[in-house]
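As a plain string of letters, each chain reads:
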Amino acid sequence: MTAKAITIAILAMGGEGGGVLADWLVDLAEQNGHYAQTTSVPGVAQRTGATIYYVEMFPEDAVPAGALPILSLSPVPGEVDLVVASELMEAGRAIQRGFVTAERTTLVASSHRVYAMTERIAMGDGRVDSTKLLEGCRAAARHFVSADFAGLAEDAGAPIGPALYGAMAATGRLPFTRAQFEETIRRGGVGVKASLAAFAAGFDATGANRAPDQPAAGVPAVGPRLDDLALRIRRDFPPLVHATLTAGILRLADYQDIRYAGEYLDRLAPLAAAAPDILDETARHLALWMSYEDTVRVADLKTRRSRFARVGREVRLKGDQQLGIAEFLHPRVEEIADTLPAGFGRWLLATGWARSLVGRFTRQGRVVRTSTVPGFLLLYVVASLRLIRRRSLRFAVEHARITEWLGLIGRLASSHPALALEVARAQRLIKGYGDTHARGWRNYQRIVAALPALEAAADGAGRLQELTQAALADDRGEALEKSLATN
Amino acid sequence: MAERSFAEEVKKLRLGEGEEFRGEGILAVTKALLQSGVSYVAGYQGAPISHLMDVLTDANDILAELGVHFEHSASEATAAATLAASVNYPLRGAVTFKSTVGTNVASDALANLASGGVTGGALLIVGEDYGEGSSIMQERSHAFAMKSQVWLLDPRPNLPSIVQAVELGFELSEASNTPVMLELRIRACHVHGRFTTKANKRPDFTLKDAIERPVRDVNRIVLPPASYLHEQEKIARRWPAAVQFIRERGLNEIFAGDARDFGIVLQGGMYNGVLRSLELLGLADAFGNTQIPLYVLNVTYPLVDDEVIAFCADKRAVLLVEEGQPDFIEQAIHTTLRKADLQTRVHGKDLLVMAGEYTGAILLKGVTAFVERYAPQLVASHNQPVATPATAVAVAAAEVRPRPPSFCTGCPERPIFTAMKLVERELGPHHVSCDIGCHLFSILPPFNIGATTMGYGLGWAGASAFNTAETQKRTIAIMGDGGFWHNGLTSGVGNAVFNRSDNVLVVIDNGYSAATGGQDVLSSRAQNPIRSTFNSIEQAVRGVGVKWVRKVTNTYDLARMRDTLREALTTPEKGPKVIVAQSECQLNRQRRIKPQIRKAIGDGQRVVRERFGIDPDTCTGDHSCIRLSGCPSLTIKPNPDPLRRDPIASVVDSCVGCGLCGEVAHAAVLCPSFYRAEIVNNPTRWDRFKARVGAALIGWLQDRIERRLAGIAA
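Chains as they are written, first to last, in this note's numbering: chain S, 1 to 487; chain D, 1 to 714.
Bound conformation, chain S alone (with noise of 0.2 angstroms):
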């Protein structure tokens, strides 16, 4: 067998470093007696997008005299040694675009995702499947070692590149020693210190798959003053319902108080006997339209001292720095409206002068110093109007709706239990401030408006949910608009 390059891919995403971690690979084989040539393609690419460098090495001891080796400046597919991702889907591109081979090729990559801008930019959920992803590299690869590098970098306190390099120096795959490796950090001489933190972080992960972040199954447990609700909940619903309900009475009662998250128990008992998806989603749904989000539930987030400590670790306060935290606040018309006693608030969205006399104060934007005196009683004052929210204009209209919604789900449940549960569901719509809630109020009546249709067709219910996700599919409501005329 006559000797061959080393061939090593890392896909990165621009500005992520992989341009250093390739150096750092050059220097290394060419301190330890090989060639090495690496190739990148950078230019626009470097703005953020996804690139790739490829490095080959080449042993000299290997090499007659007077020759010198020919390395390829591209990956061939299948004839790629180690390939390195510092992304997940960036392994997944590695292996759509056949670097990755089970007969070859070692592949390291960074279980942590970086989302796509089409995953970012989705109105719902656009995100893809981490799980898919990471069953295609495990059957993709020869050897496949992967671990959150991000995370054990960002510990450390370095950019991903040493931890994917202490990785690919823990493959055994380069026929190079640990210190071989540390040395070329240590030559390079930028930030040496974390970078060789990093590295060793990445040289141990012992390629533990950390799982996406999955939310937490289970029953919550209550504090002593749900209790009652809580045994509520044991007694008169199903098994399978707990966990939501459970959340559900803890957010209610975090929201207004224990009476409210009773009469959370009391909307839902009527559906007590249904499927239990059906109420387990509509349980879901409810508890987050009883807690709709108005300008008192946001300044009782904002000023809570666990809110304070969370933007402190956010931001990595350290001992001697100090905190401050400004929000941005834009209260319209409306939203003051909807705060008031509901007699007064409808007065005031439909009397001009008063409108626009209100009005005046809100056309700009506000930036609230939570973390100063005056900034934080604004917003305590306003968290305090909790007391009378039940009196409140939007009170008024939010449980209007909600017993509409409750009662069609009711109706349906027995009749078309599919459709049912897509109502339920459809609940997911309506969600976020302004114009964002407004519009998404907008989608959902138009969408009920066609249950009469759908009660009657064959698929109602695939029906329901293919208008529920045309109205996700854009904010200006086209594809929705699309959806129903071909109804």
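None of these hints come from the bench; they were simulated from the model.
Mixed in with the good hints, there may be bad ones.
Unchecked claim - With a Cα cut of at most 20 angstroms, we get these calculated EDC-like pairs of lysine to aspartate or glutamate:
1. D:Lys315 <-> D:Glu253
2. D:Lys690 <-> S:Asp320
3. D:Lys201 <-> D:Glu20
4. S:Lys318 <-> D:Glu610
5. D:Lys599 <-> D:Asp615
6. S:Lys193 <-> S:Glu154
7. D:Lys234 <-> D:Asp305
8. D:Lys637 <-> S:Glu154
9. D:Lys637 <-> S:Asp23
10. S:Lys318 <-> D:Asp687
11. S:Lys132 <-> D:Glu399
12. D:Lys637 <-> S:Asp61
13. S:Lys4 <-> D:Asp285
14. D:Lys421 <-> S:Asp475
15. D:Lys365 <-> D:Asp285
16. D:Lys637 <-> S:Asp320
17. D:Lys637 <-> S:Asp125
18. D:Lys201 <-> D:Glu357
19. D:Lys147 <-> D:Asp285
20. D:Lys421 <-> S:Glu478
21. D:Lys201 <-> D:Glu171
22. D:Lys637 <-> S:Glu314
23. D:Lys198 <-> D:Glu399
24. S:Lys318 <-> D:Asp603
25. D:Lys421 <-> S:Asp435
26. D:Lys11 <-> S:Asp61
27. D:Lys11 <-> S:Asp23
28. S:Lys318 <-> D:Glu678
29. D:Lys208 <-> D:Glu71
30. D:Lys599 <-> S:Asp320
31. D:Lys574 <-> D:Asp563
32. D:Lys473 <-> D:Glu573
33. D:Lys594 <-> S:Asp129
34. D:Lys473 <-> D:Asp563
35. S:Lys318 <-> D:Asp653
36. D:Lys421 <-> S:Asp474
37. S:Lys4 <-> S:Glu30
38. D:Lys574 <-> D:Glu538
Starting from the known structure of chain S, arrange chain D on it as the hints suggest.
For chain D alone, kept in the frame of chain S given last:
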């Protein structure tokens, strides 16, 4: 200041006789120019030769020592015209640009240069931006070489061959009085390798000599009757001289010429890929010892007919490996063989592909098919059917989404397009004519803005037909500061003034030629030791006669940006309208200020770092904010709420606190989830006092909140 500094690397340019150079291809080209005794270098940046310009900038001291003049040309046309210095004088000069776009721009000057011919060696180093990673239309430089009859070098993609091509390119140019084009593909430009250096050479005849003792020859000027003479000269004298030089100096290479009765003819740039294919088939070793005859065209234009005939004469067939289309070389070889009455079969595009990059996979397939046809026994053992990959692999591959390049974190161009989205909500969509530059990312999600792009600086020119009194609706054109100075001032702004356009131009002035790597332009707002900066775009626009000009000096001020756009689109005032939208390229800004901030914090100064965040419990997962921004640091994450399913928006720590998120939340009345965190490093005593007092009261109220919630959660 360019995005990447080569201050360390340029030291390699001082290597002397017989030393070993290790580094990037483009740096090796620079070294080769200095070894060749070049007198002047010019060019226009653009991938893949941006680094060449950056290297030259950083090497200005070394160039000055050697008496080499270096210019950042205003455009590729300027660069090509610069070679006029080699027409009358024995001066060696080189220019460089991205091809084919740069060659398009340069072609007027190039044609004039090629017509009259040169005395001193004139080299055009073109970065062939073709195939993966390319940002331009897929065409070939080859066509330009043919049309103007300049010679085209396409060396094997290793450093010794590339360096030799530069050196011999000058000689070929002088021997045939013809400019020579050196074509380097993207990967060759960025390939890391080694070669043995020679000493740098100071030119014998200098620019000073030429300026002080000017000469002219009316026969070198393109005007009848000389222009007719030039054409005759090209055919009768220059072409044969070139062919003779190529043959005598052995520029093209033959490997194992008689090994088989079939062989491969290839462009030099394809050599490593073809060799790898043969190696995988067991028909070559890793050191280039091939069992299949190879004729490597390091010069792809002109072809040396005698060499072609000699290589093909005793062969049943040849495979021509010629990347891109049209298949100029294949046609030429067919003609040559026909005229020589040789029956050698010529394969090429039939076994490879007509269009597109010759990747490793395509080469392997084509070479295998060729060998199989003429000596099937050689590849029999390699011809096993490929195992179909597991279902899981196909399923995973289907999950992969494209990830095109986009605006960087905190990019100041993003709020301009956010403002356009907001105006679109009020006034409906407008026809938008785009230009070349980072701003062209606006055509992709999330903005989806822009209908056409007609070339660098041609944003407004591309909208010039939309100039009619039959509608009040206006069109919008985009142009970057790079394109503006390249030609947009005349082709766009001057044209709009002269033709009484009533439309709108937005000039995006981020202080750099950002897309090509952050080089300075005339209007850059940074001191540059070797160039003149601080030349105002606004003044230039007014200077050519635009009356309605608005300058927005902070593009992150979204309300201002939106209002200015609205005004431009709705004002009753007639005539061209120009908005100059100014904010510094964030990529370069961060590179500039990060070390300063680190130092200030280290020195104990009070430094406030701002970044944005999102409260996960108030975000409902609609992602409107992302659709209006598209910032890389504004992403999504799984919803921590047990009752919700849709992922929530999230700001990651790479956020540079540009402020757009907050502006969007305000201007678009989105949602109250955004907050700005202000992290105070080294707080002063007054800071600490304020914080203590605030924390006491806030803490007391937070205790009350917690008392209300006590006993609910476990």
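Right, here's what the structure says about each hint:
A distance of roughly 17 angstroms separates the Cα atoms of Lys315 of chain D and Glu253 of chain D; the hinted pair therefore holds under the 20 angstroms criterion. For the given pair, Lys690 of chain D sits about 15 angstroms from Asp320 of chain S by alpha-carbon distance, which is consistent with the 20 angstroms threshold. Among the hinted pairs, Lys201 of chain D with Glu20 of chain D is consistent with the structure: their alpha-carbon atoms are about 17 angstroms apart, no more than 20 angstroms. With a CA separation close to 15 angstroms, the supplied pair Lys318 of chain S and Glu610 of chain D stays within the 20 angstroms bound.
Simply put, Lys599 of chain D and Asp615 of chain D have alpha-carbon atoms about 32 angstroms apart, too far for the 20 angstroms limit, and the pair is violated. The straight-line distance between the Cα atoms of Lys193 of chain S and Glu154 of chain S is roughly 13 angstroms, inside the 20 angstroms bound, and the hint therefore holds. With a C-alpha separation of about 17 angstroms, the suggested pair Lys234 of chain D and Asp305 of chain D falls inside the 20 angstroms cut-off, and the hint holds. With a C-alpha separation of about 17 angstroms, the suggested pairing of Lys637 of chain D with Glu154 of chain S holds against the 20 angstroms cut-off.
Our distance criterion of 20 angstroms between C-alpha atoms is broken by Lys637 of chain D and Asp23 of chain S, whose separation comes to about 32 angstroms. Distance restraint check for Lys318 of chain S and Asp687 of chain D: the Cα-Cα separation of roughly 16 angstroms lies within the 20 angstroms cut-off, and the hinted pair is therefore satisfied. Of the supplied pair hints, the one linking Lys132 of chain S and Glu399 of chain D holds, its CA atoms being roughly 8 angstroms apart against a limit of 20 angstroms. For the hint linking Lys637 of chain D to Asp61 of chain S, the alpha-carbon distance of about 50 angstroms lies beyond 20 angstroms, and the restraint is violated.
Between Lys4 of chain S and Asp285 of chain D the alpha-carbon distance is near 8 angstroms, which keeps this suggested pair within the 20 angstroms criterion. For the given pair, Lys421 of chain D sits about 13 angstroms from Asp475 of chain S by alpha-carbon distance, which is consistent with the 20 angstroms threshold. For the suggested pair Lys365 of chain D and Asp285 of chain D, the alpha carbons sit about 18 angstroms apart, so the restraint of at most 20 angstroms is met. Proximity of Lys637 of chain D to Asp320 of chain S is assessed by CA-CA distance (about 29 angstroms); at most 20 angstroms being required, the pair is judged violated.
Taking the CA atoms of Lys637 of chain D and Asp125 of chain S, the gap is about 10 angstroms. The hint holds against a cut of 20 angstroms. A distance of roughly 38 angstroms separates the Cα atoms of Lys201 of chain D and Glu357 of chain D; the hinted pair therefore is violated under the 20 angstroms criterion. With a C-alpha separation of about 39 angstroms, the suggested pair Lys147 of chain D and Asp285 of chain D falls outside the 20 angstroms cut-off, and the hint is violated. Among the hinted pairs, Lys421 of chain D with Glu478 of chain S is consistent with the structure: their alpha-carbon atoms are about 17 angstroms apart, no more than 20 angstroms.
Between Lys201 of chain D and Glu171 of chain D, the direct Cα distance comes to roughly 15 angstroms. Compliance with the 20 angstroms bound is thereby established for this hinted pair. Among the hinted pairs, Lys637 of chain D with Glu314 of chain S is consistent with the structure: their alpha-carbon atoms are about 14 angstroms apart, no more than 20 angstroms. Of the pairs offered as hints, the one joining Lys198 of chain D and Glu399 of chain D is violated, with about 52 angstroms between alpha carbons and a cut-off of 20 angstroms exceeded. Our distance criterion of 20 angstroms between C-alpha atoms is met by Lys318 of chain S and Asp603 of chain D, whose separation comes to about 17 angstroms.
This hinted pair checks out: Lys421 of chain D and Asp435 of chain S have alpha carbons roughly 15 angstroms apart, not beyond 20 angstroms. Distance hint between Lys11 of chain D and Asp61 of chain S is unfulfilled; the C-alpha atoms sit about 29 angstroms from each other, more than 20 angstroms. Distance check on the hinted pair: Lys11 of chain D and Asp23 of chain S sit about 18 angstroms apart at the alpha-carbon level, within 20 angstroms; holds. Between Lys318 of chain S and Glu678 of chain D the CA atoms are separated by roughly 13 angstroms; this keeps the pair inside 20 angstroms, and the hint holds.
Among the hinted pairs, Lys208 of chain D with Glu71 of chain D is consistent with the structure: their alpha-carbon atoms are about 16 angstroms apart, no more than 20 angstroms. For the hint pairing Lys599 of chain D with Asp320 of chain S, the CA-to-CA distance comes to about 17 angstroms; that is within 20 angstroms, so the pair holds. Of the supplied pair hints, the one linking Lys574 of chain D and Asp563 of chain D holds, its CA atoms being roughly 18 angstroms apart against a limit of 20 angstroms. At roughly 13 angstroms between alpha-carbon atoms, Lys473 of chain D and Glu573 of chain D fall within 20 angstroms of each other, so this suggested pair holds.
For the suggested pair Lys594 of chain D and Asp129 of chain S, the alpha carbons sit about 37 angstroms apart, so the restraint of at most 20 angstroms is broken. In summary, the hint linking Lys473 of chain D to Asp563 of chain D is supported, as the alpha carbons are separated by about 17 angstroms, within the 20 angstroms threshold. In summary, the hint linking Lys318 of chain S to Asp653 of chain D is supported, as the alpha carbons are separated by about 14 angstroms, within the 20 angstroms threshold. In summary, the hint linking Lys421 of chain D to Asp474 of chain S is supported, as the alpha carbons are separated by about 14 angstroms, within the 20 angstroms threshold.
Using a Cα cut-off of 20 angstroms, the hinted pair Lys4 of chain S and Glu30 of chain S holds, with the two alpha carbons roughly 16 angstroms apart. Straight-line distance between C-alpha atoms of Lys574 of chain D and Glu538 of chain D comes to about 19 angstroms, which keeps the hinted pair within the 20 angstroms bound.
When each numbered hint is compared with the structure, violations occur for hints 5, 9, 12, 16, 18, 19, 23, 26 and 33.
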